[in-house]
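Engineer: From first to last, the protein sequence lines stand for chains V and R. Going by full-length UniProt numbering, the first residue of the first sequence is number 1, and it counts up by one from there. Going by full-length UniProt numbering, the first residue of the second sequence is number 1, and it counts up by one from there.
Since the hints were made in silico from the structure, they are not lab data. Among the hints, a few may not be true.
[As the list claims (entries may be wrong)] Here's a subset of chain V near chain R, in silico, CB distances under 8 Å, partners left out: (1) P71; (2) Q122; (3) L124; (4) D132.
[Unchecked claim] Stretch-level coverage of chain R by chain V, calculated; a stretch enters the list once three of its residues show a Cβ under 8 Å from a Cβ in chain V: (5) 83-94; (6) 161-174; (7) 230-238.
Positions of the beta carbon are idealized from the N, C-alpha and C atoms, including for glycine.
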Amino acid sequence: MLVFAISDKGGTGRSVTGTNIVYRHALQGNDVCYLDFDFGSPTAGAIFSVSAVARGTRENGLHHYLRGECPQPRRVDVWAESDREGLRTRPPGAGRLVLLPGSEGGGELSALTDEVVGRCVQLLGRLDEEFDLCMIDVSAGRSFTAELVLAATVRMPAIPFRWLVFHRWTRQHIIAADGLVTGADGLLDVGTRFGHDTDDLRDRIRFVRTAVLEPDAAELVGLRDEQRAWLSACDSELRELAGRHGVGRTAMLGKIPLDPVLQWREQLITDEDVLASKIANAETATAFEDLAKKIVDDSAWEGL
Amino acid sequence: MLVMGEVHTGLLQNSGEISESTCRQVLGLMAGETVRVSRRPIVHALSPERLTGVDCALPTASRSRVRGVGTVVSRCAVTGGRVAQGSSYVRVVRSDADRRLPWSHYLARPGVVEVLGKAKAADLAEGFTGDSAPGRPDGACLDLGAVSGRFLDLVQQSTLLDRRAPFKIPRTSLRWVAETGEPSIRFTLHAEQERTLRLTHPGPFTTAVVDLCEDLATHDWLLTSLLVIVERARIGGTPGAQAVARLAPAIDHLMHLWMPAARVEEWLTPFWESLERRPGFTRQWRSLVDRVRDQVAMNTLALLNATADAGRR
Ligand SMILES: Nc1ncnc2c1ncn2[C@@H]1O[C@H](COP(=O)(O)OP(=O)(O)OP(=O)(O)O)[C@@H](O)[C@H]1O
Ligand SMILES: [Mg+2]
Numbered sequence: 001m002l003v004f005a006i007s008d009k010g011g012t013g014r015s016v017t018g019t020n021i022v023y024r025h026a027l028q029g030n031d032v033c034y035l036d037f038d039f040g041s042p043t044a045g046a047i048f049s050v051s052a053v054a055r056g057t058r059e060n061g062l063h064h065y066l067r068g069e070c071p072q073p074r075r076v077d078v079w080a081e082s083d084r085e086g087l088r089t090r091p092p093g094a095g096r097l098v099l100l101p102g103s104e105g106g107g108e109l110s111a112l113t114d115e116v117v118g119r120c121v122q123l124l125g126r127l128d129e130e131f132d133l134c135m136i137d138v139s140a141g142r143s144f145t146a147e148l149v150l151a152a153t154v155r156m157p158a159i160p161f162r163w164l165v166f167h168r169w170t171r172q173h174i175i176a177a178d179g180l181v182t183g184a185d186g187l188l189d190v191g192t193r194f195g196h197d198t199d200d201l202r203d204r205i206r207f208v209r210t211a212v213l214e215p216d217a218a219e220l221v222g223l224r225d226e227q228r229a230w231l232s233a234c235d236s237e238l239r240e241l242a243g244r245h246g247v248g249r250t251a252m253l254g255k256i257p258l259d260p261v262l263q264w265r266e267q268l269i270t271d272e273d274v275l276a277s278k279i280a281n282a283e284t285a286t287a288f289e290d291l292a293k294k295i296v297d298d299s300a301w302e303g304l
Numbered sequence: 001m002l003v004m005g006e007v008h009t010g011l012l013q014n015s016g017e018i019s020e021s022t023c024r025q026v027l028g029l030m031a032g033e034t035v036r037v038s039r040r041p042i043v044h045a046l047s048p049e050r051l052t053g054v055d056c057a058l059p060t061a062s063r064s065r066v067r068g069v070g071t072v073v074s075r076c077a078v079t080g081g082r083v084a085q086g087s088s089y090v091r092v093v094r095s096d097a098d099r100r101l102p103w104s105h106y107l108a109r110p111g112v113v114e115v116l117g118k119a120k121a122a123d124l125a126e127g128f129t130g131d132s133a134p135g136r137p138d139g140a141c142l143d144l145g146a147v148s149g150r151f152l153d154l155v156q157q158s159t160l161l162d163r164r165a166p167f168k169i170p171r172t173s174l175r176w177v178a179e180t181g182e183p184s185i186r187f188t189l190h191a192e193q194e195r196t197l198r199l200t201h202p203g204p205f206t207t208a209v210v211d212l213c214e215d216l217a218t219h220d221w222l223l224t225s226l227l228v229i230v231e232r233a234r235i236g237g238t239p240g241a242q243a244v245a246r247l248a249p250a251i252d253h254l255m256h257l258w259m260p261a262a263r264v265e266e267w268l269t270p271f272w273e274s275l276e277r278r279p280g281f282t283r284q285w286r287s288l289v290d291r292v293r294d295q296v297a298m299n300t301l302a303l304l305n306a307t308a309d310a311g312r313r
């Protein structure tokens, strides 16, 4: 299964959420890999705490590979190479957790050629042979990278793939997320132009809300009644807006609560962070776990 | 001088094994030429051969620059309708000329790469398979693995396959060097999925040597994959029924494929026998297979006991 992670805006929580989902999926016993296709700022290495590739790799990064500069992109075994103690041993029963870092200082893809699409097809096809889940961080907004993977998946009709569109729980983000999918030059528009079936592609897209502050969250206990009432009204307004934009409950795969740890630092939330040091909220870890299951649960992906 | 080759082996991307006739279609990469199929003791289908022209540096342990020009021979194989391979090799010979000749010269010598200038066989052999080998070759260097990988891709991308393989498993790669001389064989496991083989055989090189390398690669892949599946099952660490469910793909798709040296010519079988003594492929395979069968038997027994208990109550 290939899962493409995208958002309309930058800084949405796409990388942090995507990496945490694959981490949880690995803990659930699956072999997983994470491809940092965010060529402008490949920072997945930092989230996995692999300092050697914190800002991408100088050699054999995904960028180099797609440009034909190396035969195969570099692979980083997170269980072996992470600097974080809690990540450096593979827990019993966990699957492989592999990062394919982007190229340091690579810059965005500047053109979409047949060779580049061919290399992308080759890479994804081979990874699909050995990994249960491949998550591809496609970067923010309309980009050559998004076009690249839309073109590549047309050429691999038998390989299952899905899209996750990440957005924050605000007016602007909801409208923008909808636009990225259904707007001009959005995913459906471009995908259809490349040869995807529009309805089929739509069925493969779900939304994920990031850093959501629920009106009944513990963080809000200290608020005045007036403030809480206002937040509540905002929330229901947003829900109504989301419904109108097709970003509502039915098209939503899950939501991740706002977490103090993630607000301060981009990282994986381990069980140790929740249970031992107690710096992260249990709800956050549970939300990642749920998403890690839903991503491969066909009932969550039935036609809308 | 020497022959070098690389075999990539993987699980055929299909839900079940494919029939002999599907094998023929999948491997019919070149119209007009037929796929060779042998049926006993296991169905083995071999594609027609294809050539790739090369003019590039050859890998050397000393890192001295050696230029080779010629063609690489590649082919694909499917064993038991289940295991797919891409395989390439070149015969490296000294060129009589000191410059590149017209392509017609090289096309008349399929599978031969001619070395321009000075080169030592030992330096090339060590550069291709030795510990000092610079990992994967870069773009400027002869990369047989890249060629074999692409041929394996051709098989895996066939529209006749449903791509719903029963389990996920990495490909393995076997890099080999064969020379004529006092018989010896050395098989080495490297990091992850990389293996190398150094072979010295009596008499001149024939394609039977390639068959031997492909046969070894198939069995090394089978063993590697069964080890992965047994590890994933976490025998003893999970409830018996769960472990057995995770072992099921091995029983359904791998365990009947073990046929060592089935396609190896008589004069080369001593090499297989030597590997059977050390490292002992079949010994390890049998012990794993026994382990899988014991798990299934024990689980069946537990189920029977539980049913009997329930009946008595
Ligand atoms: N659930 C959350 N709670 C609190 N903060 C979060 C949460 N998810 C992400 N963040 C924070 O939001 C910021 C942006 O997250 P992230 O880097 O994952 O976004 P992105 O969409 O990948 O951005 P970019 O487009 O720049 O790559 C980070 O500081 C991150 O730690
Ligand atoms: Mg990011």
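Engineer: For each hint, tell me whether it holds in the structure or not.
Structural biologist: The hints, checked one at a time:
1. P71: holds (5 Å)
2. Q122: holds (6 Å)
3. L124: violated (11 Å)
4. D132: Holds. Min distance 5 Å.
5. 83-94: violated (count 0)
6. 161-174: holds (count 9)
7. 230-238: holds (count 4)
Taken one by one, the earlier hints fail for this structure at numbers 3, 5, listed in ascending order.
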